[in-house]
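J.: One-letter residues, chain by chain:
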Amino acid sequence: SQQGEEDPQALSIQEGENATMNCSYKTSINNLQWYRQNSGRGLVHLILIRSNEREKHSGRLRVTLDTSKKSSSLLITASRAADTASYFCATAFLGNDYKLSFGAGTTVTVRA
Amino acid sequence: EAGVAQSPRYKIIEKRQSVAFWCNPISGHATLYWYQQILGQGPKLLIQFQNNGVVDDSQLPKDRFSAERLKGVDSTLKIQPAKLEDSAVYLCASSFSVEFGNEQFFGPGTRLTVL
Numbered sequence: 137s138q139q140g141e142e143d144p145q146a147l148s149i150q151e152g153e154n155a156t157m158n159c160s161y162k163t164s165i166n167n168l169q170w171y172r173q174n175s176g177r178g179l180v181h182l183i184l185i186r187s188n189e190r191e192k193h194s195g196r197l198r199v200t201l202d203t204s205k206k207s208s209s210l211l212i213t214a215s216r217a218a219d220t221a222s223y224f225c226a227t228a229f230l231g232n233d234y235k236l237s238f239g240a241g242t243t244v245t246v247r248a
Numbered sequence: 038e039a040g041v042a043q044s045p046r047y048k049i050i051e052k053r054q055s056v057a058f059w060c061n062p063i064s065g066h067a068t069l070y071w072y073q074q075i076l077g078q079g080p081k082l083l084i085q086f087q088n089n090g091v092v093d094d095s096q097l098p099k100d101r102f103s104a105e106r107l108k109g110v111d112s113t114l115k116i117q118p119a120k121l122e123d124s125a126v127y128l129c130a131s132s133f134s135v136e137f138g139n140e141q142f143f144g145p146g147t148r149l150t151v152l
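Residue numbers (the working numbering), protein chains in the order written: chain E, 137 to 248; chain H, 38 to 152.
By construction, these hints were calculated from the structure, which means they are not laboratory data. Hints are not guaranteed to be accurate.
[What the hints assert, rightly or not] For the chain H half of the interface with chain E, some residues (derived, Cβ under 7 Å), not all of them:
| no. | residue |
| --- | --- |
| 1 | Pro80 |
| 2 | Asn89 |
| 3 | Gly90 |
| 4 | Pro98 |
| 5 | Ala125 |
| 6 | Leu128 |
[As the list claims (entries may be wrong)] Computed list of lysine to aspartate or glutamate pairs in DMTMM-like fashion (alpha-carbon distance at most 20 Å, straight line):
| no. | chain 1 | residue 1 | chain 2 | residue 2 |
| --- | --- | --- | --- | --- |
| 7 | E | Lys192 | H | Glu140 |
| 8 | E | Lys235 | E | Glu151 |
| 9 | H | Lys81 | E | Glu191 |
| 10 | E | Lys205 | E | Asp219 |
| 11 | E | Lys235 | H | Glu51 |
| 12 | E | Lys235 | H | Asp93 |
| 13 | H | Lys120 | H | Glu51 |
| 14 | H | Lys108 | H | Asp123 |
| 15 | H | Lys52 | H | Glu140 |
| 16 | H | Lys48 | H | Glu140 |
| 17 | H | Lys48 | H | Asp93 |
| 18 | E | Lys205 | E | Glu141 |
| 19 | E | Lys162 | E | Asp219 |
| 20 | E | Lys205 | E | Asp143 |
| 21 | E | Lys235 | H | Asp100 |
| 22 | E | Lys192 | E | Asp233 |
| 23 | E | Lys206 | E | Asp219 |
| 24 | H | Lys52 | H | Asp93 |
| 25 | E | Lys235 | H | Glu105 |
| 26 | H | Lys81 | H | Glu51 |
| 27 | H | Lys81 | E | Glu141 |
| 28 | H | Lys81 | E | Asp233 |
| 29 | H | Lys115 | H | Asp93 |
| 30 | E | Lys162 | E | Glu141 |
[Stated by the list, open to error] Pair by pair, the computed Cβ-Cβ distance ranges are:
| no. | chain 1 | residue 1 | chain 2 | residue 2 | range |
| --- | --- | --- | --- | --- | --- |
| 31 | H | Leu76 | E | Ala217 | 40 to 46 Å |
| 32 | H | Gln54 | E | Gly195 | 42 to 48 Å |
| 33 | E | Asp202 | H | Lys52 | 41 to 47 Å |
| 34 | H | Gly40 | E | Glu151 | 26 to 32 Å |
| 35 | E | Ala214 | H | Ser134 | 33 to 39 Å |
| 36 | H | Leu121 | E | Ser187 | 37 to 43 Å |
| 37 | H | Ser134 | E | Asn188 | 36 to 42 Å |
| 38 | H | Arg101 | E | Thr156 | 39 to 45 Å |
| 39 | E | Glu191 | H | Lys52 | 46 to 52 Å |
| 40 | H | Ser95 | E | Gly152 | 43 to 49 Å |
Think of the CB as a built atom: it goes at the ideal place given N, C-alpha and C, for glycine as much as any other residue.
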């Protein structure tokens, strides 16, 4: 079963605004990863955060992880039209050989 | 560095026909995955290979799906016979090492439509 659940399902913002999406999961993890999928394309890895990390940055992306609440958030700052895509969180843990469990994703539309 | 290659990109078949997908992972990546992604959902793992051995095929519908990775490099996924509910995007991914967190690299996918 898919462990990660993203919220909201869809998000529409104006170019230049920030976009925030959340991921909740059910069991213990070793790391959580965020991926982006543009329409008709494969998934692209954005960022990996380990269970002993609380926050990580990559360019305009900021990811937080709260293992006590079993949740993560992805913030995209100063959004651009090219950020229009679906965003998926995926959890991995050692007991499952680090196999990724994906949520259903958040669809982000950035309006020009 | 070349990415994960998949072919074909699109395939339309009638139900009960057979179809095969091909994947060539990133050079040096020992682990290869096949995922099924139904519209509006996240990818679901079908099978995982480590070199040319199967690590996990618990989610693969073995009565109709088969996959192989004979020389530990490229892989094929076959569906025979196809059902309407097999309409989905089939994604291939590879990773260098699961020990480092298992960041996966995905191919563009094959969009299958079963009529």
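J.: For each hint, tell me whether it holds in the structure or not.
T.: Outcome of the hint check:
Evaluation of the Pro80(H) hint against chain E yields a held restraint, the C-beta minimum of about 5 Å falling below 7 Å. Interface hint at Asn89(H): violated, since its Cβ lies 17 Å from the closest Cβ of chain E, which is beyond the 7 Å cut-off. A least Cβ separation of about 13 Å between Gly90(H) and chain E goes past the 7 Å threshold, and the interface hint is therefore violated. With a least beta-carbon distance of about 16 Å to chain E, the hint placing Pro98(H) at the interface is violated under the 7 Å criterion.
The interface hint given for Ala125(H) is violated, since its Cβ lies 14 Å from the closest Cβ of chain E, which is over the 7 Å cut-off. The interface hint given for Leu128(H) is met, as the beta carbon of that residue sits about 6 Å from the closest beta carbon of chain E, less than 7 Å. A C-alpha spacing of about 16 Å is found between Lys192(E) and Glu140(H), which places the hinted pair at or below 20 Å, so the restraint holds. For the hint linking Lys235(E) to Glu151(E), the alpha-carbon distance of about 35 Å lies beyond 20 Å, and the restraint is violated.
About 27 Å separates the Cα atoms of Lys81(H) and Glu191(E), which puts this hinted pair outside 20 Å; it is violated. Annotation: proposed proximity of Lys205(E) to Asp219(E) is violated, straight-line Cα distance about 28 Å (limit 20 Å). Restraint check for Lys235(E) and Glu51(H): the C-alpha separation of about 33 Å exceeds 20 Å, so the hint is violated. Of the pairs offered as hints, the one joining Lys235(E) and Asp93(H) holds, with about 9 Å between alpha carbons and a cut-off of 20 Å not exceeded.
Between Lys120(H) and Glu51(H), the direct Cα distance comes to roughly 8 Å. Compliance with the 20 Å bound is thereby established for this hinted pair. For the hint pairing Lys108(H) with Asp123(H), the CA-to-CA distance comes to about 27 Å; that exceeds 20 Å, so the pair is violated. The straight-line distance between the Cα atoms of Lys52(H) and Glu140(H) is roughly 35 Å, outside the 20 Å bound, and the hint therefore fails. The suggested pairing of Lys48(H) with Glu140(H) is violated, with an alpha-carbon distance near 28 Å, which exceeds 20 Å.
Between Lys48(H) and Asp93(H) the alpha-carbon distance is near 26 Å, which puts this suggested pair outside the 20 Å criterion. The hinted pair formed by Lys205(E) and Glu141(E) meets the criterion: a straight-line CA distance of about 13 Å does not exceed 20 Å. As the CA atoms of Lys162(E) and Asp219(E) are separated by approximately 28 Å, the hinted pair breaks the 20 Å bound. Restraint check for Lys205(E) and Asp143(E): satisfied, since their Cα atoms lie roughly 15 Å apart, inside the 20 Å limit.
Simply put, Lys235(E) and Asp100(H) have alpha-carbon atoms about 23 Å apart, too far for the 20 Å limit, and the pair is violated. Between Lys192(E) and Asp233(E) the CA atoms are separated by roughly 24 Å; this puts the pair beyond 20 Å, and the hint is violated. Using a Cα cut-off of 20 Å, the hinted pair Lys206(E) and Asp219(E) is violated, with the two alpha carbons roughly 26 Å apart. Distance restraint check for Lys52(H) and Asp93(H): the Cα-Cα separation of roughly 27 Å exceeds the 20 Å cut-off, and the hinted pair is therefore not satisfied.
Our distance criterion of 20 Å between C-alpha atoms is met by Lys235(E) and Glu105(H), whose separation comes to about 19 Å. Distance hint between Lys81(H) and Glu51(H) is unfulfilled; the C-alpha atoms sit about 23 Å from each other, more than 20 Å. The hinted pair formed by Lys81(H) and Glu141(E) meets the criterion: a straight-line CA distance of about 14 Å does not exceed 20 Å. Distance hint between Lys81(H) and Asp233(E) is fulfilled; the C-alpha atoms sit about 16 Å from each other, no more than 20 Å.
Restraint check for Lys115(H) and Asp93(H): the C-alpha separation of about 17 Å stays at or below 20 Å, so the hint holds. Taken as a hint, the Lys162(E) and Glu141(E) pair is honoured in the structure, with Cα atoms around 9 Å apart against an allowance of 20 Å. Taken as a hint, the range 40 to 46 Å is violated for the pair Leu76(H) and Ala217(E), whose Cβ atoms sit roughly 23 Å apart. Taken as a hint, the range 42 to 48 Å holds for the pair Gln54(H) and Gly195(E), whose Cβ atoms sit roughly 45 Å apart.
For the pair Asp202(E) and Lys52(H), the supplied restraint of 41 to 47 Å holds, since their beta-carbon distance comes to about 46 Å. Range check, Gly40(H) to Glu151(E): Cβ separation about 28 Å, and the 26 to 32 Å hint holds. Judged by the Cβ atoms, the range 33 to 39 Å given for Ala214(E) and Ser134(H) holds: they are separated by roughly 34 Å. Take Leu121(H) and Ser187(E): their Cβ atoms lie about 41 Å apart, and the range 37 to 43 Å holds.
The hinted range of 36 to 42 Å is not satisfied by Ser134(H) and Asn188(E), whose Cβ atoms lie roughly 19 Å apart. Checked against the hint of 39 to 45 Å, the C-beta distance between Arg101(H) and Thr156(E) comes to roughly 41 Å, which is consistent with it. Roughly 49 Å separates the CB atoms of Glu191(E) and Lys52(H), a value that falls within the hinted 46 to 52 Å. Between Ser95(H) and Gly152(E) the C-beta distance comes to about 45 Å, which sits within the given range of 43 to 49 Å.
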